[in-house]
Structures are given as structure tokens and as C-alpha cells.
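Trainee: Single-letter residue listing:
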Amino acid sequence: MRITDENGRRMPVWEIVLRYLLLIAVLALMIGPFLWQLSTALKGPHENIFSSPPKFLPADPTLHNFERVADTIPVWDYALNSLKVAAANVVTNCVGAALAGYALARLRYRGRKAATIVFILAMLVPVEGIIIAQFTTMRELGLNNTLIGVLLPGCVSALNVLLMRNAFLNVPYEIEEAAFVDGANVWQRFLRIALPAVKGTLAVVAIFAFMGAWDDFLWPLIVLSDPDRFTLTIGLNYLHGTFANDERLVAAGTVIAVLPLIILFACLQRYFFRGVGEGAVKG
Amino acid sequence: MKSTTASQAAPTDLATAGAARKEPRPHGRGPRRGIRRQLPTSPWLFAAPGLAIVGIFILYPFLSTLNNAFTDKRTLIEGDYVGFANFQELWHDEMFWIGLRNSTLYVLGVVPALVILPLLLALLVQKHIPGITFFRSAFYTPVVASIVVVGLIWVWMLDERGLVNALLEAVGVGKAGFLSDQWLLLLSAMTVTVWKGLGYYMIIYLAALANVPRELHEAAAVDGAGAVRRFFSVTVPAVRSTMVLVAALSSVAAFKVFSEVYLMAGPTGGPAGEDTTLVMLVQRVGTGLTGRVGYASAISVVVFVVTVALMLLVLRADRKEDA
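Protein chains in written order, with our numbering: chain A, 1 to 283; chain B, 1 to 323.
Incorrect hints may have been included.
Once the Cα atoms are required to be at most 16 Å apart in a straight line, the calculated EDC-like pairs of lysine to aspartate or glutamate come out as [claimed, not checked]: (1) B:K175 to B:D159; (2) B:K127 to A:E15; (3) A:K84 to A:D228; (4) A:K55 to B:E169; (5) B:K175 to B:E160.
I should point out that these hints are in silico values taken from the structure, not numbers from a laboratory.
The whole structure should be built from the sequences, with the hints applied where relevant.
Mentor: Structure representation (C-alpha cells):
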């Protein structure tokens, strides 16, 4: 096989070998910990998980630990809670950010600049610094310890609004003008012309909204107090704190939490990379 | 999703826009009615949900944090204005200084690693050799995994009887108390932060590297510059603004570190709380039935101020190098 660099020159064999060796070393470093966790989760109750030297392959692989997690904490309920919050976060962010982004990019009205500044300021506020006040606000609204309370503060993120605004700004204005002349009202222009043109950014917003909600830790930790309503991340922390003596259980719990994301990522990795690239350019 | 129903019209260029124009208008409305149907309120209807959420849950809490910092508000007690009393107390609070020290050390430890290592990684995965997409995705996996999962994986790896210690023992180095020693614990948490962030910043650098003109490398190669020389005199200057961006993003994130240390050191912040970070302190002081909302807000104000100062510092360093 001929491997060439971007100038079409042939890469020397030593460089190819060196590159792959380095790639494999980094691969082991980045993926190894996940595989070790999976291996621990699959090891049976009679297998020594502390053996020295460590054993990477379970001698007698079993799914028993996953059942035991479910006996210890309601892990499937927690996963369902996380799924509800994450799915709702996708819908609210896509709808809310698309609507507001369109208003900022395309509609003319007094106060548009002020609205844009509001979103920019909101993006700059460090969430870690306002969680106590968010918590107080949520209590005043009577939404503490509910999944709605977990969802609300991030359900239309300012960053997503600005991402959508930039995407709408890049759609040629003439197309909408033509539709306007043909009598399309603002909703028709939004739904049938502008929105289909920014599907890529919308996908990025959807993916990051899902991940952000599924992965969030600090805010659910503060807002949820009742173990029946925990999301998966808080449930895992609880599992770790209460039953830290059996690593197999904690490992099985983390596998349950991370597997859906890895599968989602594997299917949509194209969009991930585009999303980070766009975020970097516009950040 | 709505986009599927609307996608038939997808007019991204003029040809398809023309096709869309030929579509019969719904209910046969004339062009003039369309203009009239855009009510003056509708722009605000579009922006309202976003403005409401951001206003109620971001800007209002921000302003009330600034306000609460000057009160002795507690979880279920309104409290009174106490002027600068919270800040005076902070000055004498040992835990506050521990938190500030640890958050600052975190920035100093994490930022240089996150500016340099992902750049090297990006150079490694930049060439389109067979299988490179797989490697890129694999290196990105820790970014995708939630911080709790990552934290618990490393707690297990770095445990007294965990994999890292078992390997260290097998090669004869002996065990280390990664999760029990105050400084090793902080260092371990930093390592986890760097490990999780590598892939993210790698992609940012990849985007920047794609914009480096190839001619520069070729010219330098013709002049006889080796790979190392070309890295320092071509690549680094070309991605310098990206390095500043990465420094800004990672320093702000590092100063606000919570989850990694919380998971690895436990809610109380390791031995005698010596590994507490500022955000951990905010969480510990401000929540629960006895939560001191006022005092926690004062710590939050310090977090805001340092965060803004960090951004300005990085940006100023950037400008100096330009001059």
C-alpha cells in the first residue's frame, strides 16, 4: 500500500511505522480505562478483581453485575429520568434557540440589539457561580426536586441561540425576500425556508443538548434531593458513595451510563467534529 | 422534528428556491395579505421563550448572587444587608484560602498541558493515513463520556488496589496513595481533567491546522528546516491565536473545577478538606437546610472576578506578543 502525504509525496516507511506506534500508544491511554471498567463490570463475584498482575480479560464473563446494580439502586428508573431530561432538553433547545436565533438574525424590530446583548451577557455568566441563586429561584417557583427543575435553567441555552443566529445570518437573504414577495408570512418563511437551510447547525445543537443534559452533574446534585427522582449521574455518585466496597457494581453502573452515549457518538461523530470546529471558530 | 416535513422545500440555492416559489400558496392567500399578516408582536414571540429562560434562570440569578453577597441570607431565612461582612469573613476563613489555592493550582497545572498536548495530538492525527478517522473518534471518546463516569473510572484505576498501582507494583516502583495524599490527589484530578479535555482541544487545533498554508511548510523544508524547526517557526506562529483561545477556555474551566475533585476526593474535599476547590466550597456552604446563601454568594463573586481577570490576562498576554 502506498501512503502519501498531502503533497502526494510518498511517506517514508519509518514515519508510517512511527505514526502508527504513537497512535496505538495514545489509543491505549484513551480507550484503555474504558475497557478496564468494562472488564471489571463483567467479572464474576468469585473472581479476584485485585489480582497482581492485573487480569484484563474476565475469566468467567457474566452479566450478573448489571442485575445486581438494579437490585441496589433503581438504575433503570434513573436512566429513564436522564433520558426524559435529555430528550426534553433537545426539543426545547432546538425550538427555543431556532426561534430566538431567527428573531435575532432576520426580523426587524426595536430592541433587537438589546435582545442580542442579553444573550451574549447570559453566555458569559459562569453557571458554577450562580447555582445557589438558581437553586433559590427554583425553590421560589416550587420546582425544587423535580425533573422540570433539572431541565429549566438550560432548556434554551444562550450559546445555542447565538449559534443559530449565526447560522441564519449565513442563509442568503434573497431567498427569503422572494418568499416574502410571494406572500409567505413570517412563520412560513421561518418553517419552510430558513429552518431547512440550517439543518446542520440544528443537528449540532441537538447533539450537544442531549449530551449536556445526560452528563450534567453539579446542577442535578443541587436541585434533586429525593433518591427516587435522581438522574443517572447523581445515582452513580450515590452508588459510589454508598456501596463503594464492590467495584464491580460501580463499574456496571458506569457502563450503563456511558454506553448509550458512545453508541450515539459512533453514529453521529461527523456532526460532533463539525460542532466543535464551528464552536471554536465562532467562540 | 419539524425539519423533516420542511425538508422537501430545502431551498439552499436559487434553483430550488425557484421550485419552492411555484408551490401553490396555502389557502390561496394573495401576496399583499402576507405582508399584513406579519404582526408587529411576532418578532417578540420568536424571541420570548429564549429571553424568558435566560432572564429568569441566568441573568436574574446572577444579579441576585451579586445582591446576596452583601446579605446574611440563609436557606429558609431572608436575611439582612450586612455590607462587606461576608468578604471580611472570607479574608479570615482558612477554607476559602485553601479553595482559592487549589483552584489556582488547578489552572497552573492544567492549562499548559491543555495548550501543548492537544496540539501535538492534532499533528499526530492530521495526516490522512488509513484508519485515521477511527483514531480521531477514539481519542474523542473521553470528551463524550460524562464527567461522573470518567471520575469513577479513574477512582477505580487509581485506587489503592487499582490498576495503576498494580502496574506500578508489577514493574517494581511500589504503590502510591493517589487518592489519599493531598498533593497526589490534586495532581491525579488534574491528570483526569487533561485526559478528558485532550480530544476536545485536539479538534479545535485540527481546524486551525487545516488553515495553515501548505506553502509555508514547503518553503521551510526547501530551506532545510527539519520537523522540529518547522514546528516552532511555522506551525506554532500559525496556530498562536488558537493557542490563546485554548488557554482562555481551559483556564476559565480549570478555575471553576468541581466534578473531578468532588468525585475523587469526596464531598468534603479529601484529607482535612485540603483538596477543596472554590466551587466545591460554594456547593458545600450554600446548600442544605443550614445553607449560608449570602456567604456562598460572596465566594461566587470571587469566582466571577477571578474568571473575568483570567480572561483579561490571557487576552492581554496575546496583545503583548503581537506588539
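Trainee: Now tell me, hint by hint, if it's right for this structure.
Mentor: Checked hints:
1. Annotation: proposed proximity of K175 of chain B to D159 of chain B holds, straight-line Cα distance about 10 Å (limit 16 Å).
2. Restraint check for K127 of chain B and E15 of chain A: satisfied, since their Cα atoms lie roughly 11 Å apart, inside the 16 Å limit.
3. The straight-line distance between the Cα atoms of K84 of chain A and D228 of chain A is roughly 14 Å, inside the 16 Å bound, and the hint therefore holds.
4. For the hint linking K55 of chain A to E169 of chain B, the alpha-carbon distance of about 14 Å falls within 16 Å, and the restraint holds.
5. This hinted pair checks out: K175 of chain B and E160 of chain B have alpha carbons roughly 7 Å apart, not beyond 16 Å.
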